[in-house]
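There are 4 protein chains.
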Amino acid sequence: MKVWEIGPQTGIDSLRTATRTPPETSPGHAIIKVHASALNHRDLMLTAKRYGGSKPENRVPLSDGAGEVIAIGEGVTNVKIGDRVVANMFANWIDGPWVPGLFSADYGNTRDGWAAERISAPAASLSKVPGHLSWEEAATLASAGVTAWNTLNVLGRMKAGDTVLVLGTGGVSIFGLQLAKAGGAKVIVTSSSDEKLAKAKALGADILINYKKTPDWEKEVLKATGGYGADIILETVGTASLTKSLQAAAFCARVGLIGGLDVSQPPQIFPLVAKNVILGGITVGSREMLDDMLAAIDAEKIKPVVDKVFAFDDLPKAYTYLQSASHFGKIVIRHN
Amino acid sequence: MKVWEIGPQTGIDSLRTATRTPPETSPGHAIIKVHASALNHRDLMLTAKRYGGSKPENRVPLSDGAGEVIAIGEGVTNVKIGDRVVANMFANWIDGPWVPGLFSADYGNTRDGWAAERISAPAASLSKVPGHLSWEEAATLASAGVTAWNTLNVLGRMKAGDTVLVLGTGGVSIFGLQLAKAGGAKVIVTSSSDEKLAKAKALGADILINYKKTPDWEKEVLKATGGYGADIILETVGTASLTKSLQAAAFCARVGLIGGLDVSQPPQIFPLVAKNVILGGITVGSREMLDDMLAAIDAEKIKPVVDKVFAFDDLPKAYTYLQSASHFGKIVIRHN
Amino acid sequence: MKVWEIGPQTGIDSLRTATRTPPETSPGHAIIKVHASALNHRDLMLTAKRYGGSKPENRVPLSDGAGEVIAIGEGVTNVKIGDRVVANMFANWIDGPWVPGLFSADYGNTRDGWAAERISAPAASLSKVPGHLSWEEAATLASAGVTAWNTLNVLGRMKAGDTVLVLGTGGVSIFGLQLAKAGGAKVIVTSSSDEKLAKAKALGADILINYKKTPDWEKEVLKATGGYGADIILETVGTASLTKSLQAAAFCARVGLIGGLDVSQPPQIFPLVAKNVILGGITVGSREMLDDMLAAIDAEKIKPVVDKVFAFDDLPKAYTYLQSASHFGKIVIRHN
Amino acid sequence: MKVWEIGPQTGIDSLRTATRTPPETSPGHAIIKVHASALNHRDLMLTAKRYGGSKPENRVPLSDGAGEVIAIGEGVTNVKIGDRVVANMFANWIDGPWVPGLFSADYGNTRDGWAAERISAPAASLSKVPGHLSWEEAATLASAGVTAWNTLNVLGRMKAGDTVLVLGTGGVSIFGLQLAKAGGAKVIVTSSSDEKLAKAKALGADILINYKKTPDWEKEVLKATGGYGADIILETVGTASLTKSLQAAAFCARVGLIGGLDVSQPPQIFPLVAKNVILGGITVGSREMLDDMLAAIDAEKIKPVVDKVFAFDDLPKAYTYLQSASHFGKIVIRHN
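Residue numbers (our numbering), protein chains in the order written: chain A, 1400 to 1735; chain B, 1400 to 1735; chain C, 1400 to 1735; chain D, 1400 to 1735.
The set of hints was computed from the structure by calculation and includes no laboratory data. Any given hint could be a false lead.
A pair counts as met if it fits within one copy or between any two copies, since identical chains are not told apart.
Cross-link-like lysine-lysine pairs, in silico, DSS-like; alpha carbons within 30 angstroms at most [what the hints assert, rightly or not]: (1) LYS1432 x LYS1618; (2) LYS1595 x LYS1432; (3) LYS1454 x LYS1700; (4) LYS1618 x LYS1454; (5) LYS1622 x LYS1527; (6) LYS1448 x LYS1479; (7) LYS1479 x LYS1612; (8) LYS1454 x LYS1479; (9) LYS1622 x LYS1454; (10) LYS1448 x LYS1618; (11) LYS1598 x LYS1702; (12) LYS1454 x LYS1716; (13) LYS1479 x LYS1595; (14) LYS1600 x LYS1454; (15) LYS1432 x LYS1527.
Note that the coordinates shown come from a computational prediction; the quantities given were computed from them, not determined experimentally.
Take these sequences, add in the hints, and give me the full structure.
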């Protein structure tokens, strides 16, 4: 079968095609025919060889994808042939809290990912895709969606009427916006582009802040909420931004610090004490969170935002497009 | 000023009018000009002298109302003259969990209620009414709304995609339906009337069960959810119904047993063990829960369902109408 | 190897010895040389063929045991040869909440248990035994200990200073007493025997109630706590007892309804509403809870109470002794 | 009556005596004859005029004290004449979460404190003192004790067997050690003094680290816990120390960032993401937390550590002694 691999070079050029023997069934695993996969910012970091200490050489990239179960191994009962499925990014994080060791089965990083015709996955890592989603839409869910869900509903304990702040319009932020609206929250979105803010508004955003025109966006958040601030913040930018986020936080706010971010500038965290803010580290989430998110996506018939679809053979072009940062929503690969 | 009082007789005939000196400002209290009030089932029980050991004689009835602040006492900072407000039913339950002693300041039961031209209320029990609500709509919120909110969001820890079951179409159930939909849940409603089910559908109900036609409604709940059951149940009927509710419950479901209900028939509770269900007693809620609910009502622009409005002088007619149980939504009194 | 099996008869006579091929290593599993096993009340129910719909014929009994890892299969990393281990009763309940399907891997019921010379166990179900425990002590932990832990610390969210009520001096109650004392709680114990109460006192019990002499023990609980009641109750008796337990409960108490109990008499549950009590079903717990309990047992150097040790060949005598209900603490089988 | 006040100068010299009219009863308040009071580090900061933007001039200092109720105002039911009481530091934080506005009734800062013969306190802020505590011991509890309790049991959700890390041997740390041991935790203490570590050991500390001899104390924490780290950390030093604390944290650890600390050096917080650590700001706690802590202190008969007792007239000497930082435990003032 045809796969993409990450080669030894630094950058997008390191992507190369290869031919591999298709995976065979094994106990507890399912074989999936991949229909679509999707890109995340960390895929760029992996080709750049700048994702922590990861050594992705020879690895099939992409943590996100969707496909059809075409074979199951011994003992598999939760999925059957013909099911449309996605996999949780950390294949062994099924339920309960984040524990040591789960990094070792991270699709597209420490185990082969979705840029392939077939993939073998532990059945326990799989969830069924709601019927209203296309393959392309389903492929976008696993990392950015679950990251936003975890921050909002597990760390954040969101309830209708809460005020949620998302920074920018990347994948996690847009899922954050959609999932927060699905749960009845009021959502504030920041962006440097009025055009992107208009798109966020069309998805339900209540308060829009152009941080280029309003660099003190944290004050604008307070102003727009009558001095109250944001109950939940998806801090996807980094520790420099965190200083402002904590100023924009409500008393007892929950702020999710979301993985792979810029930590070059240490934050001022005193407002965290004064307001009893909770700051929690987020590394995507568990298969149970994926299930819960899919139930919400199904109940509210949420449609993930797909910016652009590339052909399987054009994977490097998709990476280049992601790097240009002009997208709004997810960049998807169609496998056939 | 003119007030209604509960007299010594048993039943609706015990309601009588009286003239009282209007309340004066006192430290920590606000004086409210009442614009509308609303009825709950327990108001019937109080006139029937069948609400636990309550002795409501000479009491101004009604726990629910809305009005305008016309004076404030010393030390009041959370409301000001002109504010449109509602009060939490237990005037001293501000925040935190239910503790002993709070029953002693229960509007319309252990302290005078809203069937009056003016009311004096501890300012700490007051919340401001969202701008999109009329006086009649605002008057309906305090008991039925907060009861539903507490069950869904405090006991129930609801998140988008959860399945919520409400029994019948009384005040708590309809608020339960609306607040659950606002939070992105899938809602199941039971009723003996197809007409009422149609109204519930118009409010967003996803699954409708006529329990007259389908007496084994608990099996229908399981069937309609693919065997999964309901994550959160508002058990407003009584302990007889609880046996079926527990059969309809999902694993780890949260079931709120809601006050003043029929306890004549002890339930079979073994399914609670087998599914690790949580059964929690609910007695309305705190002022903080009222605030949170109002934030949700504001964010989602929820309109409470008003069935019928009566004039202040026609209060006994409103009670009689409530007793007939033909309503869908709340019965409201207009005070001017 | 030599094993005990449950035969077709009804009662303890159904226990029979058999010879089986020792288990071989398989992926994800460990082979354990069993050093000790322990009995629980449900083992009697299983031989009586009265444990729900269980069909235990040909099953190796006993959910509790301890032993040494003598071989590991492919992919096992959490235990190694030589480790002293116990297994979680539900072999697939690793973490997170109770979900459907976990009953299907219940040691001694739906899969073979510990009354054998060797056992093969999914490595994920195993935890390491603290060094201060003998094999006999370690063997007692898995079901009764985790049941008490789950009720106290997961459902009960116990903190130092809470008041805990345990009913009688069975295995769960004694673990409840020891683990509650380890966490700084004040513990109330009921029993029909002053001798057993004296033993409970020696383990740290603060308040002792002989329910034969004081049949209204629920009033005694209130009296002994200045009218406050118990914050956490381990309801191990059944639904008849539950009526009294709910009267003995504090406001917002957490009451664990613990599996396999007498449900012949439906309870009066109205006090649950009036006090906002939480009643939760408990079916032992997860491997994570077992780990957490073992950390507590290690930190506080808790010694489980072993009442009597029988030889492997005398298993039926151990059952008969358990049935006599004269024990205090656990009944253990020594395997060599 | 005689009181101490904070005058306009900078430093301990600003303390001056004054004579004031004793407080009179008012609705909802109790008059307390003060028997003992106690110092906290922030009392030094207040005289230094370096406690945030506080303007403590003319204020009676000290947030901590204990005394006897000698009169009660109208409507007071929770305490009666003769009761031995302490007050919660934030007089209006009764229950529920930290909300805006509570800073405005902070004993010894924004309202008069305990360095007086009599004090008038909102009855709702008062808790009764366990019988085994002397006046001197009771006086130490309100700020340092509740701060430690909140971090351990509210933010920290501590259970027996958890590993708790306290930094140094100041008031919060020593209460943290004692309350953590009461709840069955394993406790790690750091100090620059072997003598103080020996005292901590006598109070139950399990692991002792001299950070002068072992500057990489965070590595020592990991080593001493087999690589696991600390479940709960009381970060009382400041943001510079936080970098090390986060390295010493276990996966999903809860780290309390405790008020008034050194924020001169921004922390490196990336380990918070990688381990999904929860960092929460702590500003003492509510009266409900004070009640809960007192129940634990009563159940476990904990004795707060009193380092030295000064006479009321020697208050400035007590401040000077506190500044010398040679104490272990609390510095107390005896009022008669």
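Is the C-alpha distance from LYS1622 to LYS1454 at most 30 angstroms within one copy, between copies, in both cases, or in neither?
between (46 angstroms within a copy, 27 angstroms between copies)
First find the shortest C-alpha distance between LYS1622 and LYS1527 inside one copy, then the shortest across copies, and answer within, between, both or neither for a cut-off of 30 angstroms.
Only across copies: LYS1622 and LYS1527 sit 19 angstroms apart there, 42 angstroms inside one copy, limit 30 angstroms.
LYS1432 and LYS1618: within-copy, between-copy, both or neither at 30 angstroms Cα:
Cα proximity of LYS1432 and LYS1618: none, with 49 angstroms in one copy and 37 angstroms across.
With 30 angstroms as the alpha-carbon cut-off, assign the pair LYS1618 and LYS1454 to within, between, both or neither.
between (42 angstroms within a copy, 26 angstroms between copies)
From the Cα coordinates, with 30 angstroms as the cut-off, is the pair LYS1595 and LYS1432 best called within, between, both, or neither?
neither (35 angstroms within a copy, 47 angstroms between copies)
When no copy is specified for LYS1479 and LYS1595, does a C-alpha distance of 30 angstroms or less occur within a copy, between copies, both, or neither?
neither (41 angstroms within a copy, 40 angstroms between copies)
Reference check for the pair LYS1448 and LYS1618, CA-CA at most 30 angstroms: within, between, both, or neither?
between (37 angstroms within a copy, 28 angstroms between copies)
How do LYS1454 and LYS1479 come out at 30 angstroms by Cα distance, when the copy is not named: within, between, both, or neither?
between (34 angstroms within a copy, 28 angstroms between copies)
Within a copy, between copies, both or neither: which one fits LYS1479 and LYS1612 at a CA-CA cutoff of 30 angstroms?
Neither, since 53 angstroms and 36 angstroms both go past 30 angstroms.
Alpha-carbon proximity context of LYS1454 and LYS1700, limit 30 angstroms
neither (38 angstroms within a copy, 43 angstroms between copies)
How do LYS1432 and LYS1527 come out at 30 angstroms by Cα distance, when the copy is not named: within, between, both, or neither?
within (14 angstroms within a copy, 40 angstroms between copies)
Is it within a copy, between copies, both, or neither that the alpha carbon of LYS1448 lies no farther than 30 angstroms from that of LYS1479?
neither (37 angstroms within a copy, 34 angstroms between copies)
Of the numbered hints stated above, those contradicted by the structure are hints 1, 2, 3, 6, 7, 13, 14, listed in ascending order.
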